[in-house]
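All chains should be modelled from the sequences, with the hints used to inform the complete structure.
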Amino acid sequence: MLLIYCPYCEEERSELEFRGAGDAHIARPENIADITDEEFEEYFFLRQNPKGLIFERWRHIHGCGRFFNAARDTVSDRFYTTYKAGEPKPDISDILQSEQNKGAAK
Amino acid sequence: MADQVTASRKAALTARGGSAEAILTPAPAATRISLRAGADALPALSAALGVTLPTRPKTSASSGQRHALWIGPDEWLVFDEGEADLMAAAASSGTLHSAVDISHRNVAVIVSGPGVDVAINSGCPQDLSLPIFPVGACSRTIFGKAEIILFRTAEDQFRVECWRSFSPFVFGLLSEGAADAGH
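Chains L and S supply the protein sequences, listed in that same order.
Using this note's numbering, the letters of the first sequence map in sequence onto residues 756 to 861.
Using this note's numbering, the letters of the second sequence map in sequence onto residues 39 to 221.
In case anyone wonders, no lab produced these hints; they're calculated from the structure.
All of these numbers come straight from a predicted model, not from anything done at the bench.
Where a beta carbon is used, it is the ideal one built from N, C-alpha and C, also for glycine.
Hints may contain errors.
As the list claims (entries may be wrong) - A few chain S residues facing chain L, derived, Cβ under 7 angstroms:
| hint | residue |
| --- | --- |
| 1 | 92 |
| 2 | 95 |
| 3 | 111 |
| 4 | 178 |
| 5 | 180 |
| 6 | 182 |
| 7 | 185 |
If you want it as C-alpha cells, here you go:
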C-alpha cells in the first residue's frame, strides 16, 4: 500500500485516505474576464502530463480534509516530497539530488 | 376521537455484538458538534465549552463526559456523553466560529477487548499499535467504504464514530473483524 505523508497530520497515511486533485501551482489569471478563449483554454484545460516528476495537489479527504501539494514521479508513483498549500514550489534539482544521495546511501 | 400518537426515536443500532476478542456495544446517545474555528477563537471557545481544544494532530482533550477531538487544523469534533447542549455552549463564546449540531448524524460503536486493533484493522489502514496510536489519540479515517472517526479511549477500547446511515455497514464489518480477531 502506498503511504503518503500529510504535512498537516505530520504522519504517513495510507493512500486510501487521499484523493488526487490535479496539477499544482496553476495560477488563476487575475483578469479572467478579459483573456481570450485561447488563453482561457491554456489556463483551464491544457496540462503537460509529464513522464517523471510532477507537482500535484492532493487532498487528505478522509483525514484532516486539507489540500496540500506533492512532488510525485508518474512512472514509479514515488512521492518525493509533500508540502503545505501556499508554500513555494521546492527546487526540482534539490529533490532529485537528495533522492540520488539516498540511493547512493543504500 | 383518535388516540394521540407519540413519536419516539428509533436507535440506529441496538444489539450488542462482536466476539470474546472484540466486543461491540452501541454507544449511548450523545450530543455532538462539528466545530470549525480559527486559532484566535480557540481560547474563548475552549473556555465556553469547558474543554481545551487540542491543536496537535491526532490528539484529543477530555473533561468529564465532554471530549474534543482534533480532526483537522481548524476542525474539531466535540461530543458530550451527558447530552449537554453544546450548541448553546459554543454560541456563548462570542467569537467567530462555525458549529453544526451533528448529534443525530453520527452514531458510535464502542469496540473493546484484546483483539480490538485486529477488528478495526479489518477495514482500516491505520497503524493502531500503542506507540503510534496511544490512548487519547483520535483520527478521521476510512473503514471499508465508510468514513469513521477513531478515538482510543483505553488500551483495549476504541470509540468508532460513523454516519448514522453507514452504521449497519460499519457494525457488520466490525462484527466480521471481531470474529476474525479470535483466530
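The hints, checked one at a time:
1. Hint on residue 92(S) is violated. Least Cβ distance to chain L is approximately 13 angstroms, over the 7 angstroms limit.
2. Against a cut-off of 7 angstroms between C-beta atoms, the interface hint on residue 95(S) holds, since the closest Cβ of chain L lies about 5 angstroms away.
3. Hint status for residue 111(S) relative to chain L: holds, with the closest Cβ pair at about 5 angstroms, below 7 angstroms.
4. Taken as an interface hint, residue 178(S) checks out: its beta carbon lies about 6 angstroms from the nearest beta carbon of chain L, inside 7 angstroms.
5. Taking 7 angstroms as the C-beta contact cut-off toward chain L, the hint placing residue 180(S) at the interface holds, the least distance being around 4 angstroms.
6. Hint status for residue 182(S): violated, given a least beta-carbon distance of 10 angstroms to chain L, over 7 angstroms.
7. Contact between residue 185(S) and chain L, as hinted, is supported at the beta carbon level, the nearest pair being about 5 angstroms apart and thus within 7 angstroms.
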